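*Asks:* Note that the protein sequences, when read in sequence, are chains A, B, C and D. Each residue of the first sequence is one higher than the one before, counting from 1090 in my numbering. Each residue of the second sequence is one higher than the one before, counting from 585 in my numbering. Each residue of the third sequence is one higher than the one before, counting from 1226 in my numbering. Each residue of the fourth sequence is one higher than the one before, counting from 59 in my numbering.
Treat the hints as calculated values from the structure; they're not laboratory data. What you are looking at is a predicted structure, and each value in this text was computed from that prediction instead of being measured. Keep in mind that a hint or two might mislead.
Stated by the list, open to error - Keeping only pairs whose Cα atoms sit at most 16 Å apart, straight-line, the calculated EDC-like set for lysine to aspartate or glutamate is:
hint, chain 1, residue 1, chain 2, residue 2
1, C, K1531, A, E1448
2, D, K285, C, E1231
3, A, K1419, B, E820
4, C, K1470, B, D726
5, C, K1414, A, D1167
6, C, K1396, A, D1202
7, B, K724, C, E1527
8, B, K828, A, D1450
9, C, K1357, D, E281
10, A, K1313, A, D1297
11, C, K1531, A, D1362
12, C, K1357, D, E278
13, D, K368, D, E339
14, C, K1356, D, E278
15, A, K1155, A, D1167
16, A, K1554, A, D1577
17, B, K635, D, E278
18, C, K1414, A, E1143
19, C, K1526, A, D1413
20, A, K1419, A, D1507
21, C, K1523, B, E820
22, B, K802, A, D1466
23, A, K1486, A, E1437
24, A, K1419, A, D1450
25, C, K1526, B, E820
26, B, K828, A, D1413
27, B, K802, A, E1143
28, C, K1356, D, D325
29, B, K724, C, E1518
30, A, K1461, A, D1450
31, B, K802, A, D1110
32, D, K285, D, E357
33, A, K1306, A, D1110
34, A, K1118, A, D1362
35, C, K1342, D, E278
36, B, K802, A, E1448
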Amino acid sequence: MEKVLEMKNIVKTYGRVVANDDISIDLRKGEILAIVGENGAGKSTLMKILYGLEKADSGEIFLHGKPVKITSPSVAMDLQIGMVQQHFMLFGPMTVTENIVYNNEISKYSFFDKKKNEEKVAELSERYGLKVDPTAIVDNCPVGTQQRIEILKTLYQNADIIIFDEPSAVLTPNEVDDLLDTMKNLAAAGKSLIIITHKLNEVMYVADRVVVLRAGKLIDVVNKKDTSIEQLSYMMIGRQVANLEIVEHDSNETLLKVENLTLGSELGKKVLDNVNLYVNAGEIVGIAGVSGNGQTELVRCISGLERNYQGKVTVNGSDVSNFDVAAIRKAGLSHIPEDRYMWGSAREATISDNILMGEEDSIRFSKNGILKQKEIDGYADKLIGEYSIKVDNNKQKIKELSGGNAQKVITAREVERDCPFTIACEPTRGIDIGAMEFVHERLVAKRDKYGGILLVTSELSEIMKLCDRIYVMYNGSINYEFKNEDIDDHKLGVLMLGGKVDENKVVN
Amino acid sequence: MKTKLSIKNFFHRFDDISYSLIAVVIGLIVGAIIMALTGFDPIEGIVGLIKGGFLSPYAIASTFTRATPIIFAGLSAALAWGSGYSSMGAQGQMIMGAITAAIVAPLIKGPAILVVIVTLLASMLAGALYSLLSAYISAKFDAYLLIITLMFNYVADYFASYLTNYVFLDPYALDKLAIQTQLIENGTIPRIFSRYTTHYGFIIALLCVAIVAFIINKTSFGYKARMSGLNPNFAEYGGIQSRKTMYKVLLLSGALAGLGGALEVLGSKFRYVDKMITSPGYSWSGITASLMSNYSAVGVLISSIFLAGITVGGSSIELLMSIPSEITLIIQGIITMLVTAKFVIKLPKFKKKEGDKDDI
Amino acid sequence: MIFNFEYISAIISSTLRMVSPILLCSLAAALCSKTGVFNIAMEGCMMISAFFAIVVNYFSGGSIILSVLAAVASSMVVSALLAFFIIKLKASPVVVGMSINTASSAVTTFFMYIFFKTKGLFQHPDLVGLKKITPFFAEAFPELAQMFFGLTFIDYLSWILVIVIYIFLYKTVLGYRLRAIGINQEAAKSLGTPVEKYQFITMTLSGVLCGLAGVLLSMGSVTLFIQNIASGKGYIAMTANNLGKSHPIGVFLASLFFGVSQSVGSFLQQTQLKGQITASIPYVATILATIFESIRYKRLKEKRIKESMKLGN
Amino acid sequence: GDKTGKEDNNDNPYADYKVAMISDTVGTDQFILQAKNRLEALAAEYGFHHTIIECSNTDDWQQKSRNACEAGYDLIVGVGWVAAAPLSQLADEFPDVEFGVIDTVAANERIMSINFNTTDGCYVLGVMVATAFPDDTVFGYIGNFQQQSNFEYKYGFMEGVKSVNPDAKFITAYADTYSDTQATYNKAVEVAAALGDNGHFIMGSVANSANAGIYQYALERGETGNKIYTSGLSVDQTTADNPYILTGLTKNTAIAMETIVKDFLEDGKITPGKTTLGVNEDAFCVVGVNFEANYLNAEIMTKEVIDAGKKAAQDLKDGKVELPYVMEDDYKE
Ligand SMILES: Nc1ncnc2c1ncn2[C@@H]1O[C@H](COP(=O)(O)OP(=O)(O)OP(=O)(O)O)[C@@H](O)[C@H]1O
Ligand SMILES: Nc1ncnc2c1ncn2[C@@H]1O[C@H](COP(=O)(O)OP(=O)(O)OP(=O)(O)O)[C@@H](O)[C@H]1O
Ligand SMILES: [Mg+2]
Ligand SMILES: [Mg+2]
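One chain only, chain A, in its complex shape (with noise of 0.2 Å):
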């Protein structure tokens, strides 16, 4: 087959670090090449090179058999190659249809051309089977869409190559498996895709080629049909992964108690609409959902950041409705916030710093109002090696650290502390299969310690594998509760997108 695209001999180093080292790959037309590694493996890092969004140290890179420099997004959409980042890039108060045209606007005497511009995107939106609404503000428009939008962009710009950083971390089950679908689609088209993940049956599923990258380092290109999960794994990582043992325990002791929580919004709609649930001693509760169903919110309420509802929450035996923060912590309550750097940490500031967060009054850490810097210090380097942060030492700034080493700090701090009751919201977004593991396995310790667990995340897969009971959010309002015995992978998603269930039947 044509190579459309090589990439020869890259290297990139940020300091000390060596991102990429001498890393050569190729795509060939119509294939749908994977790549895959660790947290810092330096799969993002390549592609950034690819989009001219960094630059490499050294390497070479063929289009079509000719070298080409891309110095610039520009200069590579110039080259028909287009990327989907694994943070959106959108322009949230602005149209679909502005987000997807910028930058290659149809105008009029220089003035844009609105109703033009909205019928090139119905159109573009047609030809791909991209479903989307080229007048709505994106800001209104489920994660899913926006995907959808970010896939358009690239299509609009024409691109032949189209680079995934990790397109399904967000997804629900069904949204992944449409784009999953619409990425052979483009496929069969002609188009050639490469795509960043750590999901292996996602790789399994879509790609025809596999890369391994370990630690800035090309380990190997497999084709797929040649290859399965474990063997992917165990290049990724360099050793197996553990099976995780799931003992039940019982118990009545109610930690999480939630009544009839219902909550408005500024767009005049309800988010949550008369929620109910429980979490006991000893027990994961998971909460699956299409993430903008009302989740976020709920966790904002629990933990005392909303204030504004109505309802009952009752933690660890003590009823906090309209608590502030602190003291909903103080009756025990830890929580692990779902995005890392604008709620879990203090980007600037020190591990220690961060580690201290929530307890900076507790007598352990302070007396008299005066911080026992020791003591704080001597727990972080304890947690950094305990949770085995990769980091020189704990007055190292969190910005300084990697994506997953970081989630490793919060995780740690909120698992860790001595309370009973912890929300896990996301705990391994991002993070590679080995990091992923150890987290799963303090959330199992400390639910085998009689503690209480909600896990609110969007990976199916972790909430099957680790949850004694499940609720389905949609919409605002729990849609259903799965017990341990009869979950069910394609009930779930169905429900998750608001199907109703009637008598185990699944109904659309």
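Since the structure of chain A is provided, determine the placement of chains B, C and D with the ligands on it from the hints.
*Replies:* Below, chains B, C and D with the ligands alone, put in the same frame as chain A:
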């Protein structure tokens, strides 16, 4: 591992200091170029500037005197800005502190030390409450603190001007100068050495530097304030009551500014003179000092002394060489611009790297 | 107190003259914030341009065109310097802006001394001011024309610019691209927009507006240069930009609001209120306006939330 | 020995003297320039060393005057309101340095103060204006800030007008600035409108520099036929280019400077004490009364008007008219 780290930290620090030093050098060079272009002897000018600001007991004493109010404004700003509250309010709070001192001190009868203490407390209270008012409006009504405090500065200035002109003017002023309050006879702050203007307010300033440094770095309140500054979402998520922290921080920041204003009255002018806080731009210099030093208390001390020193040196070269003292404000502007840019050392490195990459 | 029509017209025309430089500067600030850069150096830009307008006016023997060009050019140079520091060198916009403001005051005083051997005021009979335009309807409606007394082409231009900038930002392709940069710089960058270049150009061009404001200060009502000629107008403009939410129309209304409250203040000078109290009225009014705006917004939000709690989805 | 200084420096008894003048920035007000020019002339004549120190804020005053003491200056003359406080402080600390202040009174006993009686001069101006516009019922006044030191001007002016026209009313405005000429221009427009057909005169009392806004407006308005007149400040600002500036008030700081410096040169010491000079000492002058105007708008400033001014000055001298010191809040317009 520990030793390696401390060496690394040392170089980290060294980097920061050398950026500032290079900024200072560039500022002085540009100043020298301007002097040369406008017909003054640049070398004599720069040497005179440094000499006049730092190199004699008299120069140092004058510099310390001028630095005193700047240090307070700087600490006030460092506390607020370092906690994420961009308050420009030091000026208004200093005015409130100063006018309060000028009103309260003559009213109190008793030993001087008592008068001083009561007056300083009253001024701190005035500064703190004025700061709290802007904090309250900003928090309650979700208004931009920078703007609110800026508006409050104008209001304080006019208010103090009204008081000095119509309410507390000096009834015995021979000069019919209705822009000042009564001279304070009892309750002034003495000089450290009678020959030099530096008064004990400077010692109080040093004390406050230590206290603020301790509060920021070693207390749980300081921790809350710092975290609120670095990432308010994180602080909120962690249970730090943002509003309470904001009020506390801005109260403290206002009290410091108020204290600075009061010391200027009790230690230097012995009365409130209309515009005495506004026109020398103490609060601008203070905010500049705090930004230059990335909100560190000790950094504020050093930057304030530096800024005061080149101003004092400027008046000296004006007297000795007739170089307009505005040259020092120009130099100061260039230095502060460069200090946050921090490109001085990095620039050549960048260039090198880009050259390397061309072979893609 | 006086309540005749002529006095009211005089107050109105004063307000309009006072508002123009503030309006021009707040439009500059609005353009910058729409493109995602924080500009507080309008005060400095105005001072520099007012100064060079007079310098060139003097040395060119009173050429208006050259003076305006010099003002605009010098303001653009300062803005470009500001942009270079903020955008290229990633320096703190507040620090650099503040530095430029203090340095500008010093630079103008210093060079006034060098050029004219005076530090306070420079005035000369050879200086030529902007022509004051008599409205075309002056003959038909002389009373109405009084309200537009003493305005120069730059005053009128400032109103036209409100509309032009509105259309530019919200209707043209370029304006839409700039706003997008303000919304999400990273996204714009990833789509190949030379974000920094756009920001740099916008900021430099915003200098044109401050330059025109500077011309109004030194060649508008009266033709001279005086130390600290901007006397805080740049900071007022920054406030107006904030109150007007960086929207050209909003900024226009906010500037006007400030002007009107200042006029109310001068009107109240005729009463028992002392000058210091009436002078602080515009600042108190601005604070109150900010508060009311926020209460209004909050009420609206709360109402919606309440309604949504009652209703179904 | 007036001439010896020039002929032979070595024998010049004054050559070792160092005199400093300290003031706000020269150019902000004309009377500072007058003092400066006179000091320079005296220095040239007598051959002593001199310097001019300009201050742009209160802290500068303290710092720079102290610098001058430290630098060995023998006489320091402060010009302007702000001078009294900082020089009083220094006079205690530097017994070897002599101090003089102009346009203010220093509390310190060691200082020679020369102050101006502004009220009397303004009275004379008021008399002239009321005489010049006998049919007017309203008169305008524009000051910088509302404060007692300005009230002295306004008070004298009002008393003068009322002595001729007891029913006269006044419209007052403050520009709230020393420097914003746009503001003074605006004030002039507003006050002129308020005067309407009942008045034609606005006294300009903002600052020598910022009064420019008022002059500019008077000029522009004159061109439209609807005339407004005004007065100058600090220096004779009457000029053929702007016939609407009828007269003016000037502070003769030159005389004051000369008095202090000559007193000092006699024996290296000043004579401490407080002197107040007014319109009859040619110190606080009314243009046209104390000296001939640069330009006389003869149409309005008739001989009758000038004579009325001269008579008013004489009345003040003879004690026929007395203007007691009044605080603003105690005065009923
Ligand atoms: N801007 C940067 N500055 C310094 N180091 C960087 C930078 N970007 C990446 N790195 C480092 O380069 C290495 C590779 O990072 P990269 O983002 O390519 O990893 P990745 O494979 O995409 O990881 P992940 O699975 O977490 O997304 C990491 O060690 C990272 O810390
Ligand atoms: N100055 C820096 N020094 C060291 N590491 C850095 C620096 N800047 C960024 N990094 C790290 O380099 C990586 C940047 O790559 P990228 O933006 O792809 O993030 P990522 O690793 O993919 O993050 P995530 O795991 O959240 O997806 C991050 O892990 C970040 O922590
Ligand atoms: Mg990545
Ligand atoms: Mg006087």
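*Asks:* Where does the structure disagree with the numbered hints, that is, which hint numbers, in rising order?
*Replies:* 1, 17, 19, 21, 25, 27, 28, 31, 34 and 35
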